[in-house]
Amino acid sequence: MSVPTIHDASLLRLVYNVRVRAILYQVLAVAAVVLAGLYLFGNMSAKLAEQNIATGFGYLGREAGFTISQAFIEYKPSDTYAMALLVGILNTVWVSAIGCVLATVIGTVVGIARMSSNPLLSWLMLAYVEALRNVPLLLYLFLWYALIVAILPNVRDALQPLPYVYLSNGGLTVPALRWSPAHTGVLLALLAGIAAAVLVVRRARARRVATGREGTAWPLALAALLVPPVVAGLLLQPEMAVNWPEKGRFRLSGGLHLTPEFTALLVGLSLSASAGVAEIVRSGIQSVGKGQWEASRALGLRDNGAMRLVVLPQALRVIIPPMTNTYLSLFKNSSLAIAIGYPDLVMVSNTTMNQTGQAIEAIALFMLVYLGLSLTISFGMNRYNARVALKER
Amino acid sequence: MTTTALQAAQAPLRRPRPSATWRRRLGPFIGTPVNAVITAVCLALLLWALSAAYRWGVTNAITEGGPQACKGRAGGACWPFLATKLRFMVFGYFPYDQHWRPLAALLVFFSACGVTMMPRFWSRRLVGLWAGAVAVIGVLLYGGVLGLPRVETTKWGGLPLSFMLAFVGLSLGFPLGLLLALARMSKMPAIRVLSIVFIEVIRGVPLISILFMATVMLPLFMPEGVTIDKLLRAQVAIIIFAAAYIAETVRGGLQAIPRGQFEAAGALGLHYWQSMRLIVLPQALKIVIPPLVNTFIGFFQDTTLVIIVGLLDFLDTVRSALRDPDWQGIAVIEGYVFAAAVYFVFSYGMGAYSRFLERRRRMGYD
Chain B
1 MSVPTIHDAS LLRLVYNVRV RAILYQVLAV AAVVLAGLYL FGNMSAKLAE
51 QNIATGFGYL GREAGFTISQ AFIEYKPSDT YAMALLVGIL NTVWVSAIGC
101 VLATVIGTVV GIARMSSNPL LSWLMLAYVE ALRNVPLLLY LFLWYALIVA
151 ILPNVRDALQ PLPYVYLSNG GLTVPALRWS PAHTGVLLAL LAGIAAAVLV
201 VRRARARRVA TGREGTAWPL ALAALLVPPV VAGLLLQPEM AVNWPEKGRF
251 RLSGGLHLTP EFTALLVGLS LSASAGVAEI VRSGIQSVGK GQWEASRALG
301 LRDNGAMRLV VLPQALRVII PPMTNTYLSL FKNSSLAIAI GYPDLVMVSN
351 TTMNQTGQAI EAIALFMLVY LGLSLTISFG MNRYNARVAL KER
Chain X
1 MTTTALQAAQ APLRRPRPSA TWRRRLGPFI GTPVNAVITA VCLALLLWAL
51 SAAYRWGVTN AITEGGPQAC KGRAGGACWP FLATKLRFMV FGYFPYDQHW
101 RPLAALLVFF SACGVTMMPR FWSRRLVGLW AGAVAVIGVL LYGGVLGLPR
151 VETTKWGGLP LSFMLAFVGL SLGFPLGLLL ALARMSKMPA IRVLSIVFIE
201 VIRGVPLISI LFMATVMLPL FMPEGVTIDK LLRAQVAIII FAAAYIAETV
251 RGGLQAIPRG QFEAAGALGL HYWQSMRLIV LPQALKIVIP PLVNTFIGFF
301 QDTTLVIIVG LLDFLDTVRS ALRDPDWQGI AVIEGYVFAA AVYFVFSYGM
351 GAYSRFLERR RRMGYD
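Each protein sequence line maps, in turn, to chains B and X. Counted from 1, the first sequence has number 240 at position 240 by the numbering used here; the numbering is strictly sequential. Counted from 1, the second sequence has number 366 at position 366 by the numbering used here; the numbering is strictly sequential.
Chain X on its own, in the form it takes in the complex:
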């Protein structure tokens, strides 16, 4: 008797009635009148946006032909523009028959990034991997050896240039930023003040002003007869800018390390650099990896500013393609949407990776 009563009581728990599940699932959407209204409005907006995008991208879009076919179109996208201009937008003015070189360089770069992003490959050997990758990429882009024709940096452009500015900026800005962060936490007043002034000045002015300074003033600073490549000048500006921001991010991690760790390192007889290298930095850097990746996303996007000082990064090659006399004023939105999609994919990917690292850290894998 008791068994049947218990079974009867448990039955609804084990198998809820379909209507109850539906109510639970739909509850957040239409549970209360307010929620129902919100859902209706959101759905209407979403449907309107999606149908407008579909009409623009598919129904009314031109998929074949040249600029003439696109000229008289009725509010649709002009996809032949992207198809014709794709190689120019990605590789810029790099000699057309040599496009395989930046493509190969990009592939090497992506593979190295892919390996680096996997925690199971985290070891000292990554340094060797990157040294090799940088050498291969340098040879591919610059040429001059192995029968590859030399390509001047003025011809570099497009996506490889954007990645290069961001990557070199970060990989050289990082050690510099680390030193600045340590200097800012130093007990020596003169060193601390120098570091604070540097960091705050750089962070207090826009990146544009540093780029201007590097392109206009750096040549004046150099001794007679020394000239610096325009690309290199912009790169120096990005490195300096990155270093100041990385320094502040790293300082956050250093401040999170309890004093006891510094004192214990001292008690073990380690001197300053040893205690930093072996005790403090490994812990501090682990904390700041997720915010650091977010900083990296910002720099990747900030490399677009180099177009103001006349470098042809990816955004600028897209703009040059838009200004092509044949296509002028025809596919402006298409070009920008394409560029936005490319930036979105890479930035979102890095953001997702940062969240993955954060989750991993919280679960205590490191």
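For reference, chain B alone in the conformation it holds in the complex:
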């Protein structure tokens, strides 16, 4: 036995040491990722320099120069790219938010109808769900858009399914309130009222849990709910003028006009998500055992109370996590807007990219926005889920 062998043995022991090896693997993995990133970045910089493409986000401050067919904030082509991007973000959020609400309402109705004791109704709802789930969303978007543009009459002979609601190949026009800052003030006051009422109810419940005495909190809660908006209404005096659409000879004027692109996208997104919501609601309610209904009846609760106090809290636990995924995928699917020309975040970024040639920055920006909003939604839903989840002690 010579010295080197002993040295080798200790080295070997070091290599076979689990902890040392774990550290080695991690260092190797991180190094590989970093080296690959540096290599790709190096290639990229070389190519960009060679093709004379500018880098950096300086372009955001320059004039955009293109029009956007639908904008919630004042926007004109002479505004900056940053402004155009903001308009795109707002459009994405707007269509996703309305889509989520519609999908939840339609999906809940369909999901409950699916559990009906009437086989015909239940079968029809199954057909609805399967038809939506087995055909790509993009195809539906094209189909709805084609239906609106090709099948509906032009504005001169617009259909009128309800009074003052006009449907034509130029889109959907509905009456709308003439919005003013006073309205915004009342709305904010109403939100404050809701928050105050929730606070009152929570404190009342906490007191009941602590002292065991049933107080009468509802008059206070009602006051907390109603007083701020009423006071705001009296102070600000919002004008209750409705902007009715009017049909002229060639065009509609007034009212809230929804473009065909927006209508097709909204219908497509909310219907396809509603199929997912229906299945989630159904499986959630069915996951609560029959014994829970029977037990709550034995405790003297009526159907309504049993649903609200016993079944729904348990069903929500099953419903919330997949529902989060459905909302998230609706939000991400709104990016398909580019296929039918709704000016969402992706479409605005795409135009920006074509005009400035700065593809990397544009793509990175919209990916960041999506990632940020996705993480925000899932964070919020996780917080809510933690509240309704089973408390294991």
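Ranges between beta-carbon positions, derived for each pair:
| hint | chain 1 | residue 1 | chain 2 | residue 2 | range |
| --- | --- | --- | --- | --- | --- |
| 1 | X | Gly128 | B | Ala32 | 30 to 40 Å |
| 2 | X | Ala53 | B | Ala206 | 55 to 65 Å |
| 3 | B | Phe57 | X | Ser123 | 51 to 61 Å |
Note that these hints are calculated values from the structure, not bench results. The C-beta atom is built at its ideal place from N, Cα and C for all residues, glycine as well.
Given the coordinates of chain B, work out where chain X should sit on it, guided by the hints.
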């Protein structure tokens, strides 16, 4: 005496009166006033929809002639459009006289799928089968050997392209997803963090953005002189996207395996890879097969997004057929209904297969 009384008591049990059966059968439909109303409304809706579809598809439909015959029709379907454009919609711009090649490739693919779906053929030999199938399909589509003329990937399109994007995306995304899932469950923090960041970033952004990135940014990443085919770029995006979603599905299965299994594998002296390969993964994958098939259905439908970066998949060849100057604006609904029917058949088939596997698992065959 007792016998007759018993027989009398049992008689209605053995042979229920016809009216009772009818009541039992119709009960769910018209048992209560509410149910009766629901049934009436549903029937009316169904009849209205069916008769409208019949009028559109049969009574008022045009079955012969060209675009001219369809132009002045009264609200019916224009079937000659589908008949004329069928080959283009299915095979895209693949050279017309070579259409038998993608057709044969599709048949090989379907047969291989059919064999794979039958549990009795589940064995290691499937790997050989698929290797052979992929080789045959590659030769058929690409050509250049055996006297087959070479067909550039820019000419590929239609249904074969859709299936190819989905199949290659899944078969390469699956091993990658498996590794990501294992990395996410790993005890080594650096590896876990890398995996979590990758999975969450990919899942947090829409597929379109990854496709954009692959088509626009991938060429910039490559060293001087290396160019990547457009089809390949989109395929890379789909593989990456699939891997992140498969990783999360597989993680669900891994988490369902009790800790005791990991510990027992360790106690037997198996090292990490052995215990994963022999003990943990076989159990975990069996659990996740049904949700995995559902993920596959989603990817098959998501391949339609490649049209946004300019590839001619099945949905896009249908749209190109609709834009043909001769037929422009004539048969829009027919084209989309046809495409929807094709996607529906394959997606529904996969869904039914997933339910079959789930039932089989619950009955304890595996």
